[in-house]
Structures are given as C-alpha cells and as structure tokens.
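Enquirer: Here the protein sequences come in this chain order: X and F. My numbering numbers the first residue of the first sequence as 1 and each following residue consecutively. My numbering numbers the first residue of the second sequence as 473 and each following residue consecutively.
Worth flagging that the hints you see were computed from the coordinates, not collected in a lab. Do not take every clue at face value.
[To be verified] In the PhoX-like style, the derived pairs of lysine-lysine whose C-alpha atoms are separated by at most 25 Å in a straight line are:
no.	chain 1	residue 1	chain 2	residue 2
1	F	Lys920	X	Lys155
2	F	Lys920	X	Lys140
3	F	Lys740	X	Lys155
4	F	Lys920	X	Lys120
5	F	Lys921	X	Lys140
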Amino acid sequence: MNAEASMNDLILQVEHLSMKFGGLVAIGDLSFQAKRGEITALIGPNGAGKTTVFNCITGFYKPSEGMITLNRNDGSTYLLERLPNHEIPARAKVARTFQNIRLFSGMTLLENLLVAQHNKLMKASGYTLLGLFGVPSYRKASAESIELARHWLEKADLVDRADDPAGDLPYGAQRRLEIARAMCTGPELLCLDEPAAGLNPKESAALNALLMGIKATGTSILLIEHDMSVVMQISDHVVVLEYGRKISDGNPQSVRTDPRVIAAYLGVDDEEVETVLTEVGDEDVIEQLDTGPDSAHGPGSSSSYLAGPVSDTVGHSEGERITVSKGASKAAQVDARAASVASKPVAPPAAKSAPPAKPARKAGTTKAGTKKPAAKAPAKAGSVSNRMDAPRGGKADSLVRIKGIGPVNERKLNEHGIFHFDQIAAWKKADIEAVEAYLAFDGRIAREDWIGQAKTLAEEVAAKPAKRGGRK
Amino acid sequence: MAATVSSERDTVATPIQRAFREALYAGVISLGLFVLFIGLRTDQNISNELILVKRWGLLAIVVIAVAVGRFLYVAYAIPAMERSKAEKAAAPAVVAEPGFVKQNFNKIGLVVLILYPVAMVLLFGFQGSLKWVDNFGIQILIYVMLAWGLNIVVGLAGLLDLGYVAFYAVGAYAYALLGTHFGLSFWILLPAAGCMAAFWGVMLGFPVLRLRGDYLAIVTLAFGEIIRLVLINWREVTNGSAGISGIPKVSFFGLISFNVSDPNYIAKVLHIAQSGAYYKIFLYYLALALCLLTAFVTIRLRRLPVGRAWEALREDEIACRSLGINTTTTKLTAFATGAMFGGFAGSFFAARQGFVSPESFVFLESAIILAIVVLGGMGSLGGIAVAALVMIGGTEILRELDFLKAVFGPDFTPELYRMLLFGMAMVIVMLWKPRGFVGSREPTAFLKKRRAVSASFTKEGHG
Numbered sequence: 001m002n003a004e005a006s007m008n009d010l011i012l013q014v015e016h017l018s019m020k021f022g023g024l025v026a027i028g029d030l031s032f033q034a035k036r037g038e039i040t041a042l043i044g045p046n047g048a049g050k051t052t053v054f055n056c057i058t059g060f061y062k063p064s065e066g067m068i069t070l071n072r073n074d075g076s077t078y079l080l081e082r083l084p085n086h087e088i089p090a091r092a093k094v095a096r097t098f099q100n101i102r103l104f105s106g107m108t109l110l111e112n113l114l115v116a117q118h119n120k121l122m123k124a125s126g127y128t129l130l131g132l133f134g135v136p137s138y139r140k141a142s143a144e145s146i147e148l149a150r151h152w153l154e155k156a157d158l159v160d161r162a163d164d165p166a167g168d169l170p171y172g173a174q175r176r177l178e179i180a181r182a183m184c185t186g187p188e189l190l191c192l193d194e195p196a197a198g199l200n201p202k203e204s205a206a207l208n209a210l211l212m213g214i215k216a217t218g219t220s221i222l223l224i225e226h227d228m229s230v231v232m233q234i235s236d237h238v239v240v241l242e243y244g245r246k247i248s249d250g251n252p253q254s255v256r257t258d259p260r261v262i263a264a265y266l267g268v269d270d271e272e273v274e275t276v277l278t279e280v281g282d283e284d285v286i287e288q289l290d291t292g293p294d295s296a297h298g299p300g301s302s303s304s305y306l307a308g309p310v311s312d313t314v315g316h317s318e319g320e321r322i323t324v325s326k327g328a329s330k331a332a333q334v335d336a337r338a339a340s341v342a343s344k345p346v347a348p349p350a351a352k353s354a355p356p357a358k359p360a361r362k363a364g365t366t367k368a369g370t371k372k373p374a375a376k377a378p379a380k381a382g383s384v385s386n387r388m389d390a391p392r393g394g395k396a397d398s399l400v401r402i403k404g405i406g407p408v409n410e411r412k413l414n415e416h417g418i419f420h421f422d423q424i425a426a427w428k429k430a431d432i433e434a435v436e437a438y439l440a441f442d443g444r445i446a447r448e449d450w451i452g453q454a455k456t457l458a459e460e461v462a463a464k465p466a467k468r469g470g471r472k
Numbered sequence: 473m474a475a476t477v478s479s480e481r482d483t484v485a486t487p488i489q490r491a492f493r494e495a496l497y498a499g500v501i502s503l504g505l506f507v508l509f510i511g512l513r514t515d516q517n518i519s520n521e522l523i524l525v526k527r528w529g530l531l532a533i534v535v536i537a538v539a540v541g542r543f544l545y546v547a548y549a550i551p552a553m554e555r556s557k558a559e560k561a562a563a564p565a566v567v568a569e570p571g572f573v574k575q576n577f578n579k580i581g582l583v584v585l586i587l588y589p590v591a592m593v594l595l596f597g598f599q600g601s602l603k604w605v606d607n608f609g610i611q612i613l614i615y616v617m618l619a620w621g622l623n624i625v626v627g628l629a630g631l632l633d634l635g636y637v638a639f640y641a642v643g644a645y646a647y648a649l650l651g652t653h654f655g656l657s658f659w660i661l662l663p664a665a666g667c668m669a670a671f672w673g674v675m676l677g678f679p680v681l682r683l684r685g686d687y688l689a690i691v692t693l694a695f696g697e698i699i700r701l702v703l704i705n706w707r708e709v710t711n712g713s714a715g716i717s718g719i720p721k722v723s724f725f726g727l728i729s730f731n732v733s734d735p736n737y738i739a740k741v742l743h744i745a746q747s748g749a750y751y752k753i754f755l756y757y758l759a760l761a762l763c764l765l766t767a768f769v770t771i772r773l774r775r776l777p778v779g780r781a782w783e784a785l786r787e788d789e790i791a792c793r794s795l796g797i798n799t800t801t802t803k804l805t806a807f808a809t810g811a812m813f814g815g816f817a818g819s820f821f822a823a824r825q826g827f828v829s830p831e832s833f834v835f836l837e838s839a840i841i842l843a844i845v846v847l848g849g850m851g852s853l854g855g856i857a858v859a860a861l862v863m864i865g866g867t868e869i870l871r872e873l874d875f876l877k878a879v880f881g882p883d884f885t886p887e888l889y890r891m892l893l894f895g896m897a898m899v900i901v902m903l904w905k906p907r908g909f910v911g912s913r914e915p916t917a918f919l920k921k922r923r924a925v926s927a928s929f930t931k932e933g934h935g
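One chain only, chain X, in its complex shape (with noise of 0.2 Å):
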C-alpha cells in the first residue's frame, strides 16, 4: 500500500477489508488508514457501510476478506481480524461508542466508569481472590480507578451528577459519558459512531471541545458522523464510503469539494447540493455562484453523467440518494480514484491509464471524458481486447473461482464480455489496466495473481469439458 507513510504515524490501516452478509456485500475491497493522533473521519450517506466498517475494526463483526493491523504506541502491532471481540479493547485499546448509546442505565455515573476499567481492577483485584480479602494494594488501585473516573467525568462535564443513574441523564449527557466511559479504557484509538446524532447545537459544540481534547492526549480517533459542521471542524482526515466503497480519501477541504462526495453524499440535486456547500462554507461554490456559472454543468450534470443515462438520475433528482442502478456508484468510484489521486498527497502516482487531469471538479470535466466506461453501456468494446458478446456455448466460467472475484465484480466482468478463464488468462498489460479501472482496482489483479490462477483454472476446464457452469 502506501510506502511513504512510514508505520509509526499510522494507528490503523485498514486493507482490503470486505464484509459480506450472504449474497449483500456490506464493505467491498476497503482500504484507508488513519494517522496516529489524528481525528479521522469515516463518512458516507445511510447504508454505505461505515458502522459495518466500526463493527469489523472492534471485533463484534469477523471480516469476510481484508486485514485490519492496528499499531499501539508500543510498537506492539495487532491484526484486529484475529483478536476475539473482548481483548480488541483490553489488548489493542481500540474503545468504542455506539451509534444507539449503550449505557449501564441502571449503573451510577461513576460504576459506569469503574466498569470500563474492569480489566485493570481485575488484576489488581488478583482476579477477585485477593480483593475479597480487601488487600491494601487492591484498596490503592479502586482509589486510583476513582480518581480516573473523576477526571473523566470532569472533562464530560458530568461530574456534578456522578452518583445519579446514567439512564437518568439527558441525551446529550449520555453521549458524553458514553466517551468518557470508553475513555476509562485508556484507549489508543477511540472509534465513535456518530457522538454529534441527535445533539443541539450547544451540545454539539460542547461535544467538539470533547474530543479535541481527547485528541490532545495523543488519543487517535476514527468518526462516524452525519454532522458536517462536526466533520469539518474537528477531522484531520476524511474517507468517504459509498456502498461499502471508498470513494473519496483525503482531508476536508479536497473531499467536500468533491464532485464525487458531493454527488453520492448529498444527492444529486442541484439547488441542494449548492446550499449545503454554502454552508459549510466552500469559497469555491459561493464564488462560483456569485460569478454565476452555468448551472447546466452544477454537480447535478456531473452525477448525470456519472450515472450514465442522463434520463437515470432526472428522474430520481427529489433530493434523495440516487438509487438508479449499480452503474452510478461503480462510475462514480472510478472518477474519486482520480480526484483523489491530485488531492492525495501521500497516494502514489495513480498506475491506472487515468489521465493525470485535474480532479473532476463539479463543473469540470464533461460528458466527454475519455476513460470511463459508462457501465451500463459498454460501449468501449476495445478497452479489453479479448472481449467477448456472448459466453462460449451459452455457459461461462465460474469466475468467482479466482481468489479475489467476487460474486459483483464477476458479474461486472461479465458485462464487459469477459466470460472464461482463457479470456483473463491472455490479459496482457493494457487489458489488465483498463479493467483495473472499471473494476477501481489499483495493482490488485497482478497482486492476487488473477492471470495464473485463471491459467491453471482454464486448464482445469479444458482437462474435463462438462464442467458445471457459472452462476450466471
């Protein structure tokens, strides 16, 4: 992945992570890492797979496919995939929230807090043996544990009602303790799903002071957020998902200007789209607006063209999240490559036959874009060179039989004619990169070795003809 970053400034890298539930793929191929002492956004509209994403960084979700390596200030490096759910916390430190808060509702303030410093009373307990005897080295480490606690319930501003149930707080105070018990931990990343849901504006703000100071400990943190004005504010660093794709990597002020972001973020309509950039505040659209471009080429016509067919996305422009067809996102991704590609500082040269142009800004690049296979209409029958209209004998190749095919990205090869392992097995160079780039993958077909699998798959199927067909 990313060689200039070295390990020590990053927390967590997440590679290749893949969650599928049956047949649904919640995160498909996800890669992002987050700098040690960094806030970290992780955003997306509904649906896009972030919480699946938190779910498999701490351990209550196993990742279908990926690796998930979380560096502790130690130098110790754990693979979060492989540690059982519990010690995620208790080894790696990696605390978490809940998007729905789960609180001790009938424990205090201050048990809540205690019982996030279970592991640490444990052994100072000698596992219960000895502080049922009250030794004074256990009496020593519960006073500390309070002092902990207190310090925590100060900084959430919360310490007046230490002794009062925590399923009594208001909700903007359950959200508080809610980090302040995960910091009780003494976590190294701290992963919050969505702290700024459902909080007015004051509590927002007083929430945005919390975590600035969590991160002046040196605590990193991941976010999931729907509040823009937390978002930008406070992260380091933004990763967009959507569908369980990236499809925008980078730090505020590249990805919420966007087209990409913009477009599947905050839906494709037009007027929209201009007032909430307004509001957060992009000099670039207010200009833009003043200066009066044309509208005709707004972010809407971008995600027209994204979404192939124009008639697609006008009829769904209501201010909803285009739900048109798979072709939308699938394009889309293939745009955010490049426009993270110029707004990535740290991202290597992009080895994709991408043009080095300028990131698609939203009134950029037009309808006639070079690269972009517009998936619905393969209309680039060269871009492969072994293309094909129809499977050999009505049946294909089970293609998800090459270690790194999924069942989608199976179904995408076979739109653009790529049936048989023969077929993948005569790639050469330029076939290889101009699927990399409708399937958006960067050097992942010459990694997983999809040519020499399908060779010795293409064998196996020529050794005995009446093999059973794929699934489509």
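Once you've looked at the hints, dock chain F against the given chain X.
Expert: Just chain F now, with coordinates in the frame of chain X:
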C-alpha cells in the same frame, strides 16, 4: 365484577344514588351468573337417582353480598380513594426521613435472628421450641441462602436459571455420599460440596453461554431435571428414589458431638439434661453463619470488578464486550459462584435432614427459590430475606392455622389451600410492587453521596 355503568348523566347523581343503581345492576348480574352455579346443585338420592337440590338461600346470600359490596365500593371506597389522591397531589411532596426501623433494618434483623432461638426456648421450652427453630428458623434460613445464591446468577448477572435446584442437589448428595462412605466431617465436606456444585455450575455454564433469555431458561430447566433423573436412576451410587439415609450429624468442630452415644455428647460435656433441641439450635446458628457468609461474599463481590461486571452484563452485554470484559468468564464466574452457595445450602440441608432423596429436588423448589428472588427484588439481599420469610414462613404458618377449621368446618384443611393463597399473595405483591419488595438498587461506589438507583432504570437482563 359488575361493569361500572357510568354515563354522562351519572356524573350529576350523588354517589349514593349512583351506588344504589350500580348495586342493583351488580345484584342482577350476579343473580344471572350464579343462579345455575350456586342456586342449583345436582345430587344423587338414596335410590341413585339424579335430583336437583335447590339452594336459594345461599344464592340470596351471594347476590346480596355482591350488591352490598358494590354499594359500599361505589358509595364510600371510591370517594375516599379520590379524596386521598387529591390530598396527596395537593400536599407538597415531603421526603420523609426514613424511620428508625427502616434505617437500621439490617442490624435489627440480625439481632432478631440471633435472639430468635433463645426467645423460642424461653417461650416454649426446649421441646416446644423444636418446631419453631427447626421448621421455621432453619427452613427459612436455608431458603434465604439458596435465594441469595440464585440472586447472584439472576439478580446480578441477569441470567435466568430455572434449574438452580440442581446445584442444591449436587451439594446435598456430595455431602451425603462422601459423609456416609468415607466418614468425612461436615467441615471438610462443606467446601468440597461447594466446589463440586461450582464445578457443575461451570459445566452447565459452558454449553449455555450462547443462549439468552427464554432459551437459557429452558436449558437450565432441563439441566435441573437431568440431575434429578440421574439421582433417581443411578441406583448403584445414589440408591435411587429410596435416597440415602444415616448421614452423619454435624459436630461442633469435633469438640462437641450431638450423638447421644458419643462420649463428648453435648449434655455430658456441659452437664445438662438431654434434649434434641441442642442440635437444632446449633444447626440454626450454623445456618445463620452460612447465610451471613453468603451475604458478606455477595456484598464484597458487588464492590469488586467482577461483581460490577455481572451487573454491567445484566445491563448491556454488547457494551461490556466493547469495554474489554470477557463475557464468557464473567458469566461462568456468576454461574459458579451462585452454584457454590447452592452447594453449601445443599450440604447443610443433607446434614440437617440426615436423609436425602431426589424428592427434595424437584422443579417446584427451583420455582420457589426463583419466586423468592423475584418477589424480594432482584439484587437486593434484604428484600430477598423478607421474601423468603414471607414465602416459606407463610406456607409453614398455614399449617398452624387450626382455628380456620372452626370457621370453615372440620373438613377444611388449610394446608391444601396454602399454594392457592400463596399464588394469590404473589399476584397481589407483584401488582403492588412490580420490582419486588426492594426494587431500588444500591450503587457500589459513590463520589459524594450514596443514592439508591430507582428500579425504573435497572434492567432485568436478557439471559
């Protein structure tokens, strides 16, 4: 009951007028209901023919009772209730300082428990006190101990266990078998029985860890039955349904024996008259000591991380895992600790009875213990002790109510109705205090002031 007939125009009528009318309706409805149930009865006459016996007098009494009851309820009870409600609403909420008894409930309870056998002996003499010390005192204390043990599993960790009696049985049989075969003393076998029960607690815990709520309850119920069936059918070891008798008595650390034939028999050592009551009184204090041990350990454990983890588990298991708590071991320790106290109670039970059989470990016992925990208020030791007193003492006292025969006739046996009364009492208590006698929860740590947590915030757990 008769339906309340209240329409718009009723509101203008005085309560007395309305009461008259409603009493009339109630009488008519009850007449219609009971005319065939009570008014007529089929019987056989001397020549074996079916005849109708008419009981119009009884019917009249019932109907009049209903009508008068309705009249009194509408005319006096409802206005009185409304008045008191209005008064309560009008008066400012005065936080009454809890009374002396409430403040020092635990201390008073302890003193009463310690003085109880002495009082009984003074009141009824040694022979007369037997019943009160044994049937009431020891019996209740055994259930208190069991319920406190189950409280760890159900009340603290929130794992519904319907097979708790299995651990009671394991403890009792462990003591009975090891005591009769190897002649080991109670003081060795008590911890051994506790360990064995804890072991079986872990054995049960492992397979059911993944289960929650109803499913957990069913499996634990099955576990209780399996243990009982093994005890019945493994005749070579357990002697089947015949049970094991001749279980050795407890001695006072080997110094003083309660066997008349022994040289160190208590009457010989202390030069007092022979009586069976000494042993019972000794057992009473032993049971009390075991109860206090249970209470002490439970209170201590609650303030330790493991106890807090149990309660956190009851509140939210997923949050526990997100905080790095190993829920597997936490659940297993809850099962094991609860089972251990069940085992202590079981071995004490075996020593006290001198005889164990599978009959003592039926599902009803589990249900009663669970009922005590729920009735007392899950998690609260004081409430559970009171509930045990009410439930066990209540059923025992019903045996004593011979005067009821004078009321209901000589063929009335109060014992037969005790389960019915018991059920009714439980329904009433649950309506009146849905979270048990003591619904609030005492926090385990505090910064400024210890304030009880209201029951509306605590959760019951989902398994």
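Enquirer: Would you mind marking each hint as holding or not holding in the structure?
Expert: The hints, checked one at a time:
1. Under the criterion of a C-alpha separation no larger than 25 Å, the hint pairing Lys920(F) with Lys155(X) is consistent with the structure, at around 18 Å.
2. At roughly 19 Å between alpha-carbon atoms, Lys920(F) and Lys140(X) fall within 25 Å of each other, so this suggested pair holds.
3. Pair hint Lys740(F) plus Lys155(X) does not hold up; C-alpha atoms about 71 Å apart against a cutoff of 25 Å.
4. Taken as a hint, the Lys920(F) and Lys120(X) pair is honoured in the structure, with Cα atoms around 24 Å apart against an allowance of 25 Å.
5. Annotation: proposed proximity of Lys921(F) to Lys140(X) holds, straight-line Cα distance about 20 Å (limit 25 Å).
Hint 3 alone, counting from the list given before, is not met by this structure.
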